[in-house]
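Protein sequence lines correspond, in order, to chains Z and W.
Quick note on this note's numbering: the first sequence kicks off at 8 and runs consecutively.
Quick note on this note's numbering: the second sequence kicks off at 5 and runs consecutively.
FYI, nobody ran anything at the bench for these hints, they're computed from the structure.
Any given hint could be a false lead.
Listed next, the stretches of chain Z that the computed footprint assigns to chain W, with coverage defined by at least 3 CB atoms under 8 Å from CB atoms of chain W [claimed, not checked]:
id	segment
1	261 to 274
2	286 to 294
3	318 to 331
Beta carbons: idealized from backbone N, C-alpha and C, even for Gly.
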Amino acid sequence: MNFGLSEEQLLLQGAVRAFLDAHCALPEVRRAAAMPQGYDPQVWRQIGELGWPGLLVPEALSGAGLGFIDVALVLEATGQRLLPSPLVSTVLAALALREHGTQAQRAGHLPALARGERIATVALLEREQRLGPEGVGARAERDGAGFVLEGEKAFVHDAGSASLFVVAARASDGVALFLVERGQAGVEASDFPMIDTTKRMGTLRLSGVRVPDDAVLVAPSSGAAALERLLDAGAVAVAAEMVGAAHAAHALTVEYAKTRKQFGESIGRFQGVKHPLAEMYVQIETARSLVYYAAWALDAAPAEAPRSVSMAKAYASEAFARIGIDAIQLHGAIGYTDEYDAQLYLKRSKWARPQFGDADYHYDRIARLGGL
Amino acid sequence: MDFDLTPEELAFRDEVRAFLDENLPVRDLREWTRKVREKRWVGFSWPKEVGGGGGTLMQQVILKEEMARRKAPPLGTCFMGLAWVGPALIQYGTEAQKQRFIPDILDGKYQWCTGYSEPGAGSDLASLQCRAVRDGDTYVVDGQKIWTSLAPIAEWMILLVRTSPASETNKHGGITCLLVPMKSPGVEVRPITNMAGTQLFAEVFFTQVRVPLDQRLGDEGQGWEVTVSALANERSSISEVEALVRRLEELEELGRRSVKAGEPALRDPRVRRTLARFETVIEGMRLNGLRFLTKQLKGEPLSSETSINKLHRAELEVAMGDFALELEGLAAPYAGKSPEAIEEGKWQRTALSWPETVIGGGTPNIQKNIIAERILGLPKD
Numbered sequence: 008m009n010f011g012l013s014e015e016q017l018l019l020q021g022a023v024r025a026f027l028d029a030h031c032a033l034p035e036v037r038r039a040a041a042m043p044q045g046y047d048p049q050v051w052r053q054i055g056e057l058g059w060p061g062l063l064v065p066e067a068l069s070g071a072g073l074g075f076i077d078v079a080l081v082l083e084a085t086g087q088r089l090l091p092s093p094l095v096s097t098v099l100a101a102l103a104l105r106e107h108g109t110q111a112q113r114a115g116h117l118p119a120l121a122r123g124e125r126i127a128t129v130a131l132l133e134r135e136q137r138l139g140p141e142g143v144g145a146r147a148e149r150d151g152a153g154f155v156l157e158g159e160k161a162f163v164h165d166a167g168s169a170s171l172f173v174v175a176a177r178a179s180d181g182v183a184l185f186l187v188e189r190g191q192a193g194v195e196a197s198d199f200p201m202i203d204t205t206k207r208m209g210t211l212r213l214s215g216v217r218v219p220d221d222a223v224l225v226a227p228s229s230g231a232a233a234l235e236r237l238l239d240a241g242a243v244a245v246a247a248e249m250v251g252a253a254h255a256a257h258a259l260t261v262e263y264a265k266t267r268k269q270f271g272e273s274i275g276r277f278q279g280v281k282h283p284l285a286e287m288y289v290q291i292e293t294a295r296s297l298v299y300y301a302a303w304a305l306d307a308a309p310a311e312a313p314r315s316v317s318m319a320k321a322y323a324s325e326a327f328a329r330i331g332i333d334a335i336q337l338h339g340a341i342g343y344t345d346e347y348d349a350q351l352y353l354k355r356s357k358w359a360r361p362q363f364g365d366a367d368y369h370y371d372r373i374a375r376l377g378g379l
Numbered sequence: 005m006d007f008d009l010t011p012e013e014l015a016f017r018d019e020v021r022a023f024l025d026e027n028l029p030v031r032d033l034r035e036w037t038r039k040v041r042e043k044r045w046v047g048f049s050w051p052k053e054v055g056g057g058g059g060t061l062m063q064q065v066i067l068k069e070e071m072a073r074r075k076a077p078p079l080g081t082c083f084m085g086l087a088w089v090g091p092a093l094i095q096y097g098t099e100a101q102k103q104r105f106i107p108d109i110l111d112g113k114y115q116w117c118t119g120y121s122e123p124g125a126g127s128d129l130a131s132l133q134c135r136a137v138r139d140g141d142t143y144v145v146d147g148q149k150i151w152t153s154l155a156p157i158a159e160w161m162i163l164l165v166r167t168s169p170a171s172e173t174n175k176h177g178g179i180t181c182l183l184v185p186m187k188s189p190g191v192e193v194r195p196i197t198n199m200a201g202t203q204l205f206a207e208v209f210f211t212q213v214r215v216p217l218d219q220r221l222g223d224e225g226q227g228w229e230v231t232v233s234a235l236a237n238e239r240s241s242i243s244e245v246e247a248l249v250r251r252l253e254e255l256e257e258l259g260r261r262s263v264k265a266g267e268p269a270l271r272d273p274r275v276r277r278t279l280a281r282f283e284t285v286i287e288g289m290r291l292n293g294l295r296f297l298t299k300q301l302k303g304e305p306l307s308s309e310t311s312i313n314k315l316h317r318a319e320l321e322v323a324m325g326d327f328a329l330e331l332e333g334l335a336a337p338y339a340g341k342s343p344e345a346i347e348e349g350k351w352q353r354t355a356l357s358w359p360e361t362v363i364g365g366g367t368p369n370i371q372k373n374i375i376a377e378r379i380l381g382l383p384k385d
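With the rest of the complex left out, here is chain Z (with noise of 0.2 Å):
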């Protein structure tokens, strides 16, 4: 029995703080999350240096070999920065590619995602947002040898500076998954921006685009399974980022309640204001263990996991979106500022809630699979 980090883990986890502090202080996250891409692609080329897109792309291809559990410790950092990367989506994409991918594929796009060299997203929303292959509209029309993709995917994260999409798409029998490069005729990608400046999202437009056969990344046989899975990884590493980003806005008010006096006291004192940042610790620690056991499970106990991964994803988000606001309640007016940083926790526990599903969704699915 251990619930704990291991050596290595711990060393990554170091590694990774070490960097964002060196790079990634707010004043550089609000820089870079204000370029025309949406991040800095100076950090970016530097995190492909240090293998964090490659996480768990194998060793042979250019990869670090690791776990979901280190992707967690390493979002769970970025998320505490607000970092703005494509790495959430890079590293699902690379999931993907992994579990599915022919040699061929693999070999193909794995070492330049592992490397940075390449962004990858997944493109699985449509507009009506249903998680799940009821959810799939678009279209894939056997064609000769190949298919025609005919569509539009909604929601898809860093679809303005990725080359490479997973697109689910519904076959005749059944919901697929395809490689699709922005390149092709047909494609239109775009993202926008959000309240969160730190996310980008956007639309993916297909428009007659005609795939060959070995642009099948997960035959309609299995499409459905890979896509919950595939979900099921996002859920986790979006939550990741909502403990990271969680516990920041924690401490930023923790210190803010020592410091700010007010009736000839530390606020800090006070209940009204010590009660809350003690139920916001038990939250965060809370989620904390839920994200870390649904990360474990998802390599280790994958018949767990959409249990674990529901729970983690809507605990967090409950807890979360509370932490956002009381964040800036508990600063008074000076949280309600552009300058201060409390109002960049808020922005992002709006975005985190509903990615890859928000709590009724995941509570709905945790009473299905629990037999209610």
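Use these hints to put chain W onto chain Z, whose structure you have.
Just chain W now, with coordinates in the frame of chain Z:
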């Protein structure tokens, strides 16, 4: 990370399971108590020298988890003795005191109660006023205790008294711990009926009660340390989690049978999500507990982080009982004895008895103070 048990741990778990298969359900509680005592599972965490089981941390966790999973009766019947008195005796008792009291606690010969809270000293326990004055080789106790659980049936009390005034710098100084027979002349017990209609706790009055010196536990003025630090190595709350899992199963059963406005209650998304949320928080507690346990297994002491699960438990104790009554709807208020009551008022008892755990072990607000001050470093109240 690794959530598997070692072969030795698995063997122990199998031994526990086999025992439970053979002995559950319990027909004769005395027989059960004798058997678990024989197994040395009563006081399982205590050293073998004093008659405990000398169980390793993992064995303790496995035993408690299996017991709770099967809703087995408690290990031992001397509840306060096992929880408070024994650990304090083991750490601070004289050889004579250990020999006199520990075997009886393990055998459950009689009940102990804990004389801690006073009318003016609840959450602020260190401000207690019940006083003991030395007179030769005895202490003479005068004062009052309140909310003393099991006082009406206990034979002995572990009592905190003030032997000298508190100083500005050390609020916890001047407190001494005495072991007092409840039959001592000058002890008067007045039971208090709680809102669930039971008389579990009481007021206890002391008038010139004489306690021999050899019934002092620890040194004079060491009483705070004696009662608090014996509990310093807090448990990781895993058995409580199992108990909550069992209760949630029963709540889900109630949900399956319940009807709201003519429709099965489980069709209502709010009902489903509420149950799923309980399940999630309980799982969060389990995982928190495993993180704390990992720390303990690495030899790091646990401190205030156990307040995390105490707060979750407090929330669930209140919310689950309350939600059960909500599911019962208009039938919920029928008192347990009336023919219309659901499951003989079982959920009413849950909904009306949460204060025992929620307030008894330190109120949620005190737990929040502990987290805010000791973990977050916010200024003390």
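Problem set entry | Broken hints, by number | Per hint list: zero violations.
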